[in-house]
Amino acid sequence: MATLTAKASTARAATPVAWSGWATPYLFMAPYLVLFCVFVLAPAIYGVWVSLHDWDFLLEGRPFVGLDNYTALFDPASAVYADFWMSMRATGLFTLLSVPFLVVLPLGIALLLNRSFRGRTFFRGLFFAPYVLGVAVVCLMWRLLLDPNLGLVDWLLGTDIAWTTSLPWGWVALVGVTVWWTLGFNGVIYLAGMQDIPRDLYDAAKVDGAGRWAEFRHVTLPGLRPVMLFVITTTILASANMFGQSYLLTQGAPGGETRTAIVYILDQGLGQYKMGSASAMSYVLTLALIVVSVINFRLFRGRS
Amino acid sequence: MQMSLDNLTRRRALGLGLGALVLTGCGGGGGPRQAAQQPATTAAPTTYTGPAVSLSFWNGFTGGDGPFMKRLIEQFNAAHPTIKVTMNVYQWADYYAKVPAAVAAGQGPDLGIMHVDSVATNAARQVVLPLDDVATALALTEADFSPPVWQAGVYKGARYSIPLDVHPLGMFYNKTVLSKAGLDPDNPPKTGEEYLAELEALKKAGIQGHWATPFPFTSSMQFGSLLYQHGGQLFADDASVSRFAEEPGVQALTWLVELVNKGYSPKNVGQDADLIALQNGKNAFNWNGIWSINTLRAVKDLEWGVAPLPQIGTKPAAWAGSHQFVVFKQRTSDQNKLTAAKVFINWISGHSIEWAKAGQVPARKSIRDGAEFQALTEQAAIGSQIDNLYFLPSVAGIGDASAVVDQAINAAILLKKSPKDALTEASAKADKILEQNRKKYGA
Chain A
1 MATLTAKAST ARAATPVAWS GWATPYLFMA PYLVLFCVFV LAPAIYGVWV
51 SLHDWDFLLE GRPFVGLDNY TALFDPASAV YADFWMSMRA TGLFTLLSVP
101 FLVVLPLGIA LLLNRSFRGR TFFRGLFFAP YVLGVAVVCL MWRLLLDPNL
151 GLVDWLLGTD IAWTTSLPWG WVALVGVTVW WTLGFNGVIY LAGMQDIPRD
201 LYDAAKVDGA GRWAEFRHVT LPGLRPVMLF VITTTILASA NMFGQSYLLT
251 QGAPGGETRT AIVYILDQGL GQYKMGSASA MSYVLTLALI VVSVINFRLF
301 RGRS
Chain B
305 MQMSLDNLTR RRALGLGLGA LVLTGCGGGG GPRQAAQQPA TTAAPTTYTG
355 PAVSLSFWNG FTGGDGPFMK RLIEQFNAAH PTIKVTMNVY QWADYYAKVP
405 AAVAAGQGPD LGIMHVDSVA TNAARQVVLP LDDVATALAL TEADFSPPVW
455 QAGVYKGARY SIPLDVHPLG MFYNKTVLSK AGLDPDNPPK TGEEYLAELE
505 ALKKAGIQGH WATPFPFTSS MQFGSLLYQH GGQLFADDAS VSRFAEEPGV
555 QALTWLVELV NKGYSPKNVG QDADLIALQN GKNAFNWNGI WSINTLRAVK
605 DLEWGVAPLP QIGTKPAAWA GSHQFVVFKQ RTSDQNKLTA AKVFINWISG
655 HSIEWAKAGQ VPARKSIRDG AEFQALTEQA AIGSQIDNLY FLPSVAGIGD
705 ASAVVDQAIN AAILLKKSPK DALTEASAKA DKILEQNRKK YGA
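Residue numbers (the numbering used here), protein chains in the order written: chain A, 1 to 304; chain B, 305 to 747.
Keep in mind that a hint or two might mislead.
Quick list of simulated restraints, FRET-style, between CB atoms [unchecked claim]:
hint, chain 1, residue 1, chain 2, residue 2, range
1, B, A540, A, I290, 41 to 47 Å
2, B, A505, A, G61, 55 to 61 Å
3, B, A397, A, Y46, 21 to 27 Å
Keep in mind that the hints were calculated from the coordinates and are not lab data.
Small disclaimer: the values here were computed from a predicted structure and weren't measured.
All C-beta atoms in this analysis are idealised placements derived from N, C-alpha and C, irrespective of residue type, glycine included.
Please build the complete structure, drawing on both the sequences and the hints.
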């Protein structure tokens with residue numbers, strides 16, 4: 001331990017940074033920091049201030065209400081309690097259901113598409129294609145295809161399933177459509193990650209007599225770990241921020257059970273101009289997402 | 305003047321240094337409430353003699369109605385060389401989010417259209433100006449319109465909007481489907497008994513005749529119509545409490561849910577599927593908005609008609625919306641622009657027969673009674689309900705409370721909750737929202 005520290009200090013001494021250059025890193029970071037502060041940090045702090053008021057940007061009186069907007073979220077007798085937690089539950093459920101598919105399926109597809117075969121580019125394009133469609137196009141199309149009484153899907157399957165108006169089918173539809181729509185994006189990320197795994201590792205594995213499975217377990221997966229962390233984290237956040245599908249495909253039916261937190265927050269803030277309450281809700285959601293992200297990072301660090 | 309000074313001090317005391325937002329509050333020298341008490345200053349509103357002005361006019365006419373309004377504006381511009389009106393169209397949802405922000409930033413348009421149930425909220429939020437003097441200057445009175453339409457634009461004793469049109473719910477029907485079930489396609493049902501008898505006949509012919517949609521378009525409008533037909537109300541007149549969970553509301557929602565239970569409607573009807581099924585010949589009746597006229601007209605070989613809603617309850621009633629002209633608050637008011645705006649509102653209102661062709665009922669009585677409007681058979685059929693329409697009370701934030709009803713109807717028609725339970729739960733929630741709004745906007 002002592003030698004290590006000694007080595008580190010000699011290394012530092014060996015490449016001295018002139019004192020006058022102390023500002024250099026900060027200057028390099030300045031453009032980003034300025035944008036970050038103006039567009040992320042300041043609004044975030046301002047949001048806390050807003051959440052402590054009964055806030056409407058057009059009204060003269062924006063009375064300070066302290067923590068009322070927060071306590072209302074935890075008070076079963078308040079107007080927002082039931083709807084807010086139902087929407088949080090919807091968000092959680094959707095994340096829980098969609099993330100495994102969005103992490104595993106694209107990996108499998110990327111593995112297949114990473115091999116060389118005729119028409120590989122065509123299939124790569126095919127899986128990525130839906131991702132370029134806008135959410136409105138995707139949802140309108142699927143709403144008609146999945147219509148409980150007139151839709152093509154039920155007709156093809158010979159079933160009578162209310163895909164967009166009943167549970168659990170609403171969740172099947174929301175998750176299914178989302179996976180179909182966005183799996184290409186994660187697939188591309190995985191593919192790019194696979195290009196970065198040195199070929200000689202595979203050669204070495206072959207020399208050691210590794211089969212396909214062993215190759216995947218001991219070379220591909222470890223090589224993809226940073227990519228996996230990225231994919232899982234962004235997918236969780238994207239799923240937790242799901243808005244359009246719930247807004248357009250199911251419209252929260254039945255009775256608001258598939259209405260996600262973001263849809264509800266938007267309605268409170270921009271629909272009903274209750275920005276204080278909406279801000280408080282976003283902070284509760286943010287807190288939940290921070291906790292999930294921290295756990296996620298911990299898990300990955302623990303493994304490596 | 306007194307009040308704006310007070311406001312400034314109060315704001316400074318609160319220390320909310322949001323320059324742009326603070327400024328708007330006192331632009332134009334005083335809030336709308338004082339301006340409402342000012343006497344009418346402008347006369348001769350039907351002609352404009354001042355210097356050339358341009359007016360920006362925002363609305364949400366993104367559908368088939370957009371081109372009609374555009375043509376009207378072109379005609380207006382041609383007839384008024386010194387006034388140039390330009391139109392910006394947004395999706396209604398974007399429009400309602402954008403306009404208050406634009407007005408707050410001092411970048412608001414001069415003129416706009418608002419749905420009648422948004423007028424009070426925007427009046428309370430000081431987005432729109434009172435228009436009593438416009439009405440006076442244009443010599444418009446209740447008699448020129450109809451009492452509910454005219455009264456709907458009044459908030460706290462001041463008028464904030466001038467009606468352009470009303471768009472009520474009507475009963476659309478597929479004539480081919482009715483004939484197939486042995487029913488008279490030219491004599492649609494007028495009472496509850498007749499209606500249920502026809503649904504029964506349709507059922508025997510293997511057709512589900514009234515698809516009960518669980519989605520706000522248009523289940524909430526159907527529910528509301530039935531509720532008022534049964535003598536109920538959505539809210540008390542002063543919106544102190546919600547009243548939709550009382551007996552008439554339960555009867556109304558039960559009637560809709562029974563359509564599903566009795567097999568007159570499929571279960572789990574999807575969004576817009578009721579109207580699509582009508583076009584496909586799978587559905588016989590659809591209670592939908594007057595805007596469906598042009599949709600159905602575009603369907604080839606579809607034999608359809610439209611009639612007033614049948615009277616299911618004890619009296620006739622139908623849901624209606626109304627597009628109304630509003631004038632937005634500016635940082636500095638410009639008398640010339642205001643006069644030009646009055647001329648514009650009056651001219652469009654007077655030419656709203658053109659607007660009727662876009663699939664609306666003109667609010668102006670003289671035009672509704674004219675031969676030219678009566679010749680628009682479909683519009684005239686729906687328009688005949690004009691005296692039986694209801695609107696939400698003119699109370700700020702009423703839309704927030706009525707949104708709760710949408711969810712209750714959704715749950716009930718999807719058979720997740722009994723009509724009574726769904727409405728009672730929603731009613732408790734709506735009352736809390738009404739109370740919050742009273743606190744926020746002042747009783």
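Against the structure, the hints:
1. B:A540 <-> A:I290: 41 to 47 Å: holds (44 Å)
2. B:A505 <-> A:G61: 55 to 61 Å: Holds, at about 59 Å.
3. B:A397 <-> A:Y46: 21 to 27 Å: Distance hint for A397 of chain B, Y46 of chain A holds at roughly 25 Å.
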